[in-house]
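Visitor: Sequence:
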Amino acid sequence: MKRFYHILSLLLAFVLVLQIFPFSLAEEGSLPLWDEEWQMLLLANRERLKVGQAPLTTTDFLQEGAGIRAVELQELFSHDRPDGSACFSVLDEVGAPMCAAAGENIAFGFFDATDVTQGWVNSPGHYSNMIDPDFVHVGVGAVVETRNWAQLFFSGEACSYENVKLSFLSGNHFKVGTTIDEMMILAEMECKNCGTSYLPLMNEFCSDYQPDQAGHQDVTVRFFDFEFSFSVALEEEPTPPTSPFADVISSEWYFDAVCFAVHHGLMNGMGENRLIPNGNMTRAMLVTVLWRYVGSPDEGELTFTDVPSNEWYAEAVAWAAHNGIVGGVGNNKFDPNGNITREQIAAILYRYAGSNGIDTTKRADLSAFPDANRVSAYANDAIGWAVAEGLINGSDGKLQPLGNATRAQVAAILMRFIQNVIN
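The working numbering puts the sequence shown at residues 705 to 1127.
Mixed in with the good hints there might be a few duds.
Stated by the list, open to error - Derived lysine to any residue pairs resembling SDA-like cross-links, with alpha carbons at most 20 Å apart:
#	residue 1	residue 2
1	754	919
2	869	879
3	1066	1011
4	754	823
5	1102	1068
6	869	908
7	869	893
8	1037	1066
9	879	816
10	1066	977
11	754	928
12	869	831
13	1102	1070
14	1102	1062
15	879	914
16	879	825
17	754	869
18	754	801
19	754	879
20	879	928
21	879	831
22	869	849
23	879	912
24	1037	1080
Hints were generated in silico from the structure; no laboratory data involved.
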């Protein structure tokens, strides 16, 4: 299918005087651009650097103005605005200071920042605006859904910069091979005429950086009259975890939960290097998992008539009963080989949390679930708490409180319990 492109450029020029002053460094800031706009600014500056021109910064008022223009292009693709005024009237609307030079590039039909930038580069009038030495700032606006793009170039009277500081928008730890362009580091500085100005750091600004070298590095940055350094840490790509069991494959939804459970000593296999993830989990198994998590303490006495003292789960059941975590199923029985249900899991974890001084007052509104009336009275608070904490999610929109839980489901619940409640 043939693509349709439409681009226009406009220049309004006055007199510009630019001066640069020293700097100071900090590490706080904000993000005035979203991803595609970030790329538009970075790519425009790359074209300027190719011909020896200083990079353009953006400002909050120019971002607002360019955003307005990009939206207006959906209604009228022109350097005139839908109300009949010239495009530069948007500068007054957003409170821009006195203008020394202004220009506008607009485009329609391009897929992304790279696409539209190349279109402007290939058009002499647009390219002239992009590399014009009279411009100091630019606002970039995009409506990707309708493929409308705008650049609003600007210079105030006697623009100059001071007090640069950096914001690491993605942290300062990266994978080996990450370029400066990809690090999302934003320089923020004060323009004496136009206020706070922003500049994405680029590969071209930085030296002493080795993207393929793991470890901490000090990177030297130079742009305008600023020169300073910052530190980053590059880490090797972590090796994907191998499956602890032959029947647990990495593409399954429960893979991370099973790895977590094994790593924390919560679960063991069922023989022959198998977990049987879709198999049911018994009450004895769940109690033993929690007992292992707390270090297998030797406390409590067996009182249930169906738990022989020589069984592998006996100490765990004694501990759980001693701490009020389990109370049995009646008639002084524990039913160790009974399959654990979803509401029983909630009740056991609810009591465990309470016995360890963890706040259990959160409650979800269970009325949204059509089978909420099937929750047993003893488990009502526990289920409400478990849903509120995100431990139990509705299955097909239902709680299924009496449904048996598989070993994989229990692994996922335990991972969420440890990460979200205990930790």
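Visitor: None of the hints should be skipped; say for each whether it holds.
Guide: These are the hints, each one checked on the structure:
Our distance criterion of 20 Å between C-alpha atoms is broken by residue 754 and residue 919, whose separation comes to about 31 Å. A C-alpha spacing of about 24 Å is found between residue 869 and residue 879, which places the hinted pair above 20 Å, so the restraint is violated. As the CA atoms of residue 1066 and residue 1011 are separated by approximately 34 Å, the hinted pair breaks the 20 Å bound. Using a Cα cut-off of 20 Å, the hinted pair residue 754 and residue 823 holds, with the two alpha carbons roughly 17 Å apart.
For the proposed pair residue 1102 and residue 1068, the alpha carbon gap of about 14 Å is at most 20 Å, so the pair holds. Under the criterion of a C-alpha separation no larger than 20 Å, the hint pairing residue 869 with residue 908 is consistent with the structure, at around 18 Å. Restraint check for residue 869 and residue 893: the C-alpha separation of about 6 Å stays at or below 20 Å, so the hint holds. For the suggested pair residue 1037 and residue 1066, the alpha carbons sit about 31 Å apart, so the restraint of at most 20 Å is broken.
For the given pair, residue 879 sits about 26 Å from residue 816 by alpha-carbon distance, which is inconsistent with the 20 Å threshold. Proposed proximity of residue 1066 and residue 977 is contradicted: the alpha carbons are some 39 Å apart, above 20 Å. Taking the CA atoms of residue 754 and residue 928, the gap is near 15 Å; set against the 20 Å cutoff, the hint holds. Our distance criterion of 20 Å between C-alpha atoms is broken by residue 869 and residue 831, whose separation comes to about 30 Å.
For a cut-off of 20 Å, the pair hint linking residue 1102 to residue 1070 stands: about 10 Å separates their Cα positions. Taking the CA atoms of residue 1102 and residue 1062, the gap is near 27 Å; set against the 20 Å cutoff, the hint is violated. Restraint check for residue 879 and residue 914: the C-alpha separation of about 12 Å stays at or below 20 Å, so the hint holds. At most 20 Å may separate the alpha-carbon atoms for a hinted pair to count; residue 879 and residue 825 exceed this at roughly 32 Å.
Of the supplied pair hints, the one linking residue 754 and residue 869 is violated, its CA atoms being roughly 25 Å apart against a limit of 20 Å. With a C-alpha separation of about 29 Å, the suggested pairing of residue 754 with residue 801 is violated against the 20 Å cut-off. Taking the CA atoms of residue 754 and residue 879, the gap is about 28 Å. The hint is violated against a cut of 20 Å. The suggested pairing of residue 879 with residue 928 is violated, with an alpha-carbon distance near 29 Å, which exceeds 20 Å.
Only pairs whose Cα atoms come within 20 Å are accepted, and residue 879 paired with residue 831 is rejected, the gap being roughly 35 Å. Distance hint between residue 869 and residue 849 is unfulfilled; the C-alpha atoms sit about 33 Å from each other, more than 20 Å. Restraint check: the Cα-Cα separation between residue 879 and residue 912 comes to about 17 Å, which is no more than 20 Å; the hinted pair holds. Restraint check for residue 1037 and residue 1080: satisfied, since their Cα atoms lie roughly 19 Å apart, inside the 20 Å limit.
In terms of the numbered hints stated before, the structure departs from hints 1, 2, 3, 8, 9, 10, 12, 14, 16, 17, 18, 19, 20, 21, 22, listed from lowest to highest.
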